[in-house]
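A.B. asks: Based on the sequences and whatever the hints tell you, model everything.
So the protein sequences, as listed, match chains A and B.
Take the first sequence: its position 269, counting from 1, is numbered 269 in the working numbering, and each next residue is one higher.
Take the second sequence: its position 153, counting from 1, is numbered 153 in the working numbering, and each next residue is one higher.
Think of the hints as simulated: they come from the structure by calculation, not from any bench.
Among the hints, a few may not be true.
A pair holds if it fits inside one copy or across any two, identical chains being indistinguishable in the list.
EDC-like cross-link-like pairs, simulated, lysine to aspartate or glutamate; straight-line CA separation at most 16 Å [stated by the list, open to error]:
no., residue 1, residue 2
1, K255, D238
2, K24, D238
3, K24, D53
4, K255, D245
5, K143, D163
6, K143, E283
7, K24, D52
8, K143, E173
Just so you know, these numbers come straight off a predicted model, no measurement behind them.
2 protein chains.
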Amino acid sequence: MMPIRHLVIIGTGLIGGSVALALKQQGMVERVTGVGRQRDNLLQAIDLNIIDDYSQNIGDAVHDADMVLIAVPVAAYAQVFAELCPALPQDAWVTDAGSTKQSVIHAAQQQGMDMTRFVPAHPIAGTEQSGASAAFASLFQEKRCILTPLEETNADAVQAVRDMWQHTGASVELMAAPEHDAIMASISHLPHFTAFALMNALPDQEALRFAAGGFRDITRIASSSPDMWRDIGLCNSDAIVHNIDALQSELDVLKQALVNNNGALLLQKFQAAKQTRDQWLIEHGESI
Amino acid sequence: MMPIRHLVIIGTGLIGGSVALALKQQGMVERVTGVGRQRDNLLQAIDLNIIDDYSQNIGDAVHDADMVLIAVPVAAYAQVFAELCPALPQDAWVTDAGSTKQSVIHAAQQQGMDMTRFVPAHPIAGTEQSGASAAFASLFQEKRCILTPLEETNADAVQAVRDMWQHTGASVELMAAPEHDAIMASISHLPHFTAFALMNALPDQEALRFAAGGFRDITRIASSSPDMWRDIGLCNSDAIVHNIDALQSELDVLKQALVNNNGALLLQKFQAAKQTRDQWLIEHGESI
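C.D. replies: Here's what the structure looks like:
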């Protein structure tokens, strides 16, 4: 892979900033332009050597780009593609970092994006922090990044985008967007919705005085950004509803076992859950 | 408080062993006898200076005791009280460490325990480890211990048991057993049942390859002991069913909001959850 000559990052926060830092550390990018709404954040990104220059106008920023990374909340994609499409040079590739993929592809198509040049991506990494000041070069090390190209996506685009994410330290895999969204609904979106619901199900906040480490850990992701999770919910609602139904069914089974004093069924369910989790940690524990 | 002259611990595991170590460190016990089924574990407890001697017969062990601590799984209480009651000296107090309190009181009453001398207790502390070798003196430091005496419980018994738990480092509070069980159902039992259900709701174990830190933390307690959680479930089933209903109602609200594309309601629910959790951490974070 040749270094990227001019990378434009739309949304210079934790994810966008960390991509820039990782590629700079690897010598895999010559110039990075940051685009964002908050001038303070962009100035800070320059101070931190995350970006070399900035613009608050997508059209101005991308006219000379060979790679564009969209790293804004998924609800903002329609507006981003509306500004990006008319200005995108013929030889530039586009990727993104959104947590849902079908909605992103839909937003791109709706705005007339040339889909041969867009390689949707989802790096499975993050922290509870946000903003350029939270970015760090090793965020993607040993993390997975899923690409969900369409059939018409240019093979050179896929190769260039794959190279870029690999140089951030991520392990890249390809799959179809619906498969991505179904997997994420089960192992990320449902857990977040469940953590929020568990907090709201507390009958009495006084009880929290007695809550301990187990409660702290199971609700940790209920401290995540409400705006971000509203957006993810609306962008992947069918798959999340499907997974909430699956959880409700499991809760129904446990409830019936309690009502029927069925200790054998409780034990069987708890053993199955523990076995699945312990096996997962044995196989993948070191990469989590 | 005078040191306990002869403490008998029925169940010499993580909890029982840690009580012994803490009291010995404080010089608050002269002799500790361990009772248990597994001779290897008892010999190890002697090697570790957790107990001074052991017996495999409750009647033999307690004839000279002035304090008895029951620290076995809650499902074993009926058998323990059946052996303990005929042998208990007139001047000995009894406490326990079970996670549910109404079921424990019921088991004691059923076996003819003199309830003036029994002070039910629940130290809210533990690790995922078990056995005497997992015990350590600081397990209860800055943790809470709830006592649920009955109206007829002897005031001297309450004072002696309170003193004992305070000397382990725990902060002691009194409440009624039904209140204890309701609180534990909401902040401990429901979260455990939810973690088990989340693991079992996975449509496809292949998806776990992509699970990350959020999933690891929200399911951590699904690696807990299936036997122990079956017992707790059967011993506090009404309150747990009530709390599962509350969680299911919250999940239904989120599901309807997704179906209706109601971003405002999702945002409101997520903000409320985050605010409750963040406030809890501000107020109690250092003691969790």
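A.B. asks: With reference to the structure, classify each hint as holding or not holding.
C.D. replies: Structure-based check of all given hints:
1. For a Cα distance limit of 16 Å, the shortest separation of K255 from D238 across copies, 10 Å, qualifies, whereas the shortest one inside one copy, 26 Å, does not.
2. For the identical chains of this complex, K24 and D238 are neighbours neither inside a copy (39 Å) nor across copies (59 Å), given an alpha-carbon limit of 16 Å.
3. Within a single copy, K24 and D53 get their C-alpha atoms as close as 14 Å, which meets the 16 Å cut-off; across copies the closest is 66 Å, which misses it.
4. In the homo-oligomer, the alpha carbons of K255 and D245 lie at most 16 Å apart both inside one protomer (15 Å) and across protomers (9 Å), since each shortest distance falls under that limit.
5. Proximity of K143 and D163 under a CA criterion of 16 Å is satisfied intra-copy only: 15 Å inside one chain copy versus 51 Å between copies.
6. With identical chains, the CA atoms of K143 and E283 are at most 16 Å apart within one copy only, with a shortest distance of 15 Å there and 34 Å across copies.
7. When the C-alpha separation of K24 and D52 is checked against a cutoff of 16 Å, the pair qualifies only within one copy, where the shortest distance is 11 Å, while the shortest distance between copies is 64 Å.
8. Only within a single protomer do K143 and E173 lie at most 16 Å apart by alpha-carbon distance; the minimum there is 11 Å, versus 45 Å between protomers.
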